Amino acid sequence: MSSQENDETDDLPKHGLKGPSPDERPHPEGRRNSQGIRIDPEAEAEPEQRRAVLSALVEDDPGVLSRIAGLFSRRQFNIESLTVGPTTVENHSRITMVIEESDPGIDQAEKQLAKLKPVIAVGELDDDAVRTELVLLKVEGDEPDKVHAVTEMYDGQTLDAGPRTITVQLTGDEQKIDDAIDAFRQFGIIEIARTGYTALARGDQATVPGEKPGTADEPTQPTNAQ
Amino acid sequence: MSKQAPSSPNATTEAEVDPDEEAEQAPVTTGSEAVIRALENEGVEAAFGVQGGAIMPVYDALYHSDIRHVTMAHEQGAAHAADAFSVVRNEPGVCLATSGPGATNLVTGIADANMDSDGLLALTGQVPSDMVGSDAFQETDTTGVTAPITKHNYFASDADTVGDTVGEALALAGEGRPGPTLVDLPKNVTLDETDAEPGPAEPPETTRPQYVADEENVEEAAEAIEAAERPLLLFGGGVIKGDATEQARAFARGHEIPVVTTMPGIGSFPEDDDLCLSWAGMHGTGYANMAITHTDLLIAVGTRFDDRLTGGIDTFAPEAEVVHIDIDPAEISKNVHADYPLVGDAGIVLDQVDDAIDASPDADEWREQCQTWKDEYPMDYATPDDEPLKPQFVVEILDEATGDDAIVTSGVGQHQMWAAQYWTFTEPRTWVSSHGLGTMGYGLPAAIGARIAADDDQDVVCIDGDGSFLMTIQELSVAVREELDITVAVLNNEYIGMVRQWQDAFFEGRRMAAEYNWCPEFDMLAEAFGARGFRVDDYDEVAETVEEAVAYDGPSVIDFHIDPAENVYPMVPSGGANGQFALTEDQL
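Residue numbers (the working numbering), protein chains in the order written: chain X, 3 to 228; chain W, 34 to 621.
Keep in mind the hints are simulated off the structure, nothing from the lab.
Be aware that a few hints might be false.
Cβ-Cβ distance ranges computed for the label pairs, FRET-style [to be verified]: (1) W/Arg101 <-> X/Arg53: 52 to 60 Å; (2) W/Thr457 <-> X/Gly198: 55 to 63 Å; (3) X/Arg77 <-> W/Asp397: 43 to 51 Å; (4) X/Arg77 <-> W/Glu73: 35 to 43 Å; (5) X/Gly205 <-> W/Asp306: 55 to 63 Å; (6) W/Ala546 <-> X/Glu82: 41 to 49 Å; (7) X/Ile191 <-> W/Glu248: 53 to 61 Å.
If you want the ones that stay clear, here's a sample from chain X, every Cβ over 12 Å from chain W, calculated [unchecked claim]: (8) Ala54; (9) Asp129; (10) Leu138; (11) Ala151; (12) Ile191; (13) Glu193.
To spell it out: a stretch of chain X is covered by chain W in this simulated footprint if at least three of its residues, at any positions, have a beta carbon under 8 Å from a beta carbon of chain W; those stretches are [what the hints assert, rightly or not]: (14) 30 to 42; (15) 59 to 69; (16) 105 to 111; (17) 118 to 128.
Keep in mind that this is a model prediction, so the values were computed, not measured.
Just so you know, even glycine gets a beta-carbon here, dropped at the ideal spot from N, CA and C.
Produce the entire structure from the sequences given, and follow the hints as far as they go.
Written as structure tokens, this is what we have:
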């Protein structure tokens, strides 16, 4: 069959099926938003994004961090920061992630994380969780006294002071860090290194579901264990 | 050829050993024997693969094993064959490949299994541990490459633990929602001495799924079902993988609720049953899509609401509340919000819900309405004698000429849709196709895997397209060598037909790179491979040729030259509303 003959498609009889054509069929009134939630068309359609701090207890398998980072990247979760470090239990690490997503997106991120084999348990932290970030700031060393004063104001520490540069360390919540950086701008900031949030649940609440605070010798049981 | 180059040619010469006794009793002495022992312990009967340098020790351990190894022509074929084996047997299939190009050739098949939640264990050779990272000959970061397309993958580090690792990977592949796993095997690990027999194969503790749904949620869902006026069951592939077809059928019939399936769910409910509206989605039946559009309670079981099913999310089942039963919590409210989420095993949860329902929904009118849609939008095509051969007719004749439990595999394209539309499926695990990934070339290697998994008296038919068939046609050599009774029906329109259909509909008829009039004569090519070859051009020859090909005890290929202008309808345009399906090109 040559392509010339195929070009005559339009001349072939239309054999279509019975029944009314698309525009003659009833259009249902309802509708869903982009998250698949059935909505009142008059009301707000799209869920708003918010920031969420997720904490995951993971096994120290090789490549665990790349698996988590890869999951965020391929599923297009909007990640703001990610920190990782060991816990009191051998072979376990805690990963703290800050993501900006809608509520269904945060829920989906948690569930996808929980599916990864090295992830023991994952949960979102409450708003009252203890969270802090560490930043190192290197500024011009022309006005050491003033730099020192600002460092004191923000409860920071001077780690290195030379003839040309001063490096300070600050910890605190995001707002405090942002304010401090603004304050240091007057001296001329040369370099910044920020860690992103690391966080724990407040009081005797478990940071991730299933975690037993204060029982470091006892490995955390997965929440989905039967 | 370099892929197969052996790095140490010390072939085993213990020809006198009795294989039966040895396979059962010989203690493990090397890592590679531990690998094979782990497979044997789990009752693995068949493995599909291609030899190569880094995987040679594992193949050497297969030498005395009862596991049937099928050498494929290409690693992609090995992955698809193992995938199809898993669909038919409902247990993970196993495939092997060497490092580097062997492993990367598996990638398409692994990704395919991942999208369709098919249990698959891939064993890949790797360069010796101390050379990993040095860009050694035939080295690829296989765990890195396959991390996004596996449930989990493993880099085996030690001969003493490699058997347990393989066992865990196999168990994980089949646990809960099935999926592919991979174990990368550095050559030193498989060659090293060890006497560690693999223990019982258990999935990792962190992945244990939940099988029984929360009772309170079940009660709420049951109440919603009782109160529904237009209830509709949506059975996905999870019904079949969860071995829940019996419970699903009993539930639908017990409460007289109409059923639509997804494409992977084909076979979960008999398509000749009055309650069945066949499958929904882009090329699903008009009546299935009308039912989805108008239902007030969609009871979805084991489906991930793929966009080929839902069309545009905003218009999907717009009047329905959704009950969603799934073993994977991450599927709940991923694409479509679940008003009644039920996490658990399909069969167990259906029984739970059934127990909780006091009275079936009152839906006489709704059932009548569904019947009306069946009459209004029948699946039908024109067959005037003077027109070229219609593919739908070919599918119907193939269906008639084969047994009720015949297995159909397909490639991807128009032929796949015609097969799914015009074959009447009644049994689970008889429709083996590439759904989520849409892998052209899936059909023939899948037919090989299905043939090896199937009962001897089950017919296996591969319905392929000319473009799709050409992508993995080399696997015909395997079917001939293994004397596999497979009938390949090529619906040949000398086009990459689905692309042509879209170009005509959405690209003003610019058929860029869609013409395949350079395809070989498939009947002659089949004969060249050593299979039977047939060519059919018109209606009169179809039945007779099909009969002869099906009766032939070995691989046969029928090259059906079909109407090149025929297109697939109904069609929901990409992102459109299910209820607004087009019946002709004019309606797009």
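Hint by hint, which ones does the structure fall short of? none
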